[in-house]
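A.B. asks: Model the full assembly from the supplied sequences, consistent with the hints where possible.
Oh and the sequence shown: position 181 is 180 in numbering that gives the first Met the number 0, straight run, nothing missing.
Just so you know, the hints here were simulated from the structure itself, not pulled from any lab data. All of these numbers come straight from a predicted model, not from anything done at the bench. Among these hints, one or two may not hold up.
Here are the simulated BS3-like pairs of lysine-lysine, each with C-alpha atoms no more than 27 Å apart in a straight line [claimed, not checked]:
(1) K50 - K172
(2) K172 - K133
(3) K32 - K16
(4) K50 - K30
(5) K32 - K89
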Amino acid sequence: MDWVYSDKLKEHFMNPKNILYNEKEFEYDGKGKVGNIKCGDEMIFYIKVDKARNIITDCRWKTYGCASAIASTSILSEKVIGMTLDAAYKISPENIMDDLGGLPEHKIHCSVLGDKALRAAINDYYERNGMHEKTRKETTKIICQCMNVTDEEIEHAVLEGVRTYEALQEHTKLGTVCGQCKDSAVILLEEYKKKYIKF
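C.D. replies: Written as structure tokens, this is what we have:
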């Protein structure tokens, strides 16, 4: 069977950059954690900041996740060093996937762990330094913690033709691990159908 990942992804998986094995070994200015370890995916991102210039000078991370989660966060950690906090905050999963040379469709959700943890770390830095006005809240709400599926993704799925919960699962992989999100997902699915579908 052929290797389904790019060479760059393979390199970052086999030799991850800036990984942290012991939190005590790194003096950080901000820390962000996302995911759910019960479901097998959790990401923690640490940043060190030049406070005079608001630039990330160093970062570390650790994860309990798959090859895609490891590689995407490894390449992200290289990318953000030297960036301003504002620029780093705007990095999207699409940016990370492009840097990796793409991801298999069923692994795209892994690329959102790193950027969400990075944004959480930046917000944590602002909170620790009394800059509460700079803290930004995520505009989307995660409905499925296991697969990091948001309300916005459910809305987009409906706009793309999804009409049933089973189709939503196939489209987003929502509810395919622990299933605790089903009730919330069904409610949202029906709300978006009423909003967009003219009967």
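A.B. asks: Indicate, hint by hint, whether the structure satisfies it.
C.D. replies: Do the hints match the structure? See the list:
no.: 1; hint: K50 - K172; in the structure: 40 Å, violated
no.: 2; hint: K172 - K133; in the structure: 33 Å, violated
no.: 3; hint: K32 - K16; in the structure: 18 Å, holds
no.: 4; hint: K50 - K30; in the structure: 15 Å, holds
no.: 5; hint: K32 - K89; in the structure: 17 Å, holds
This entry does not satisfy hints 1 and 2, going by the numbered hints stated previously.
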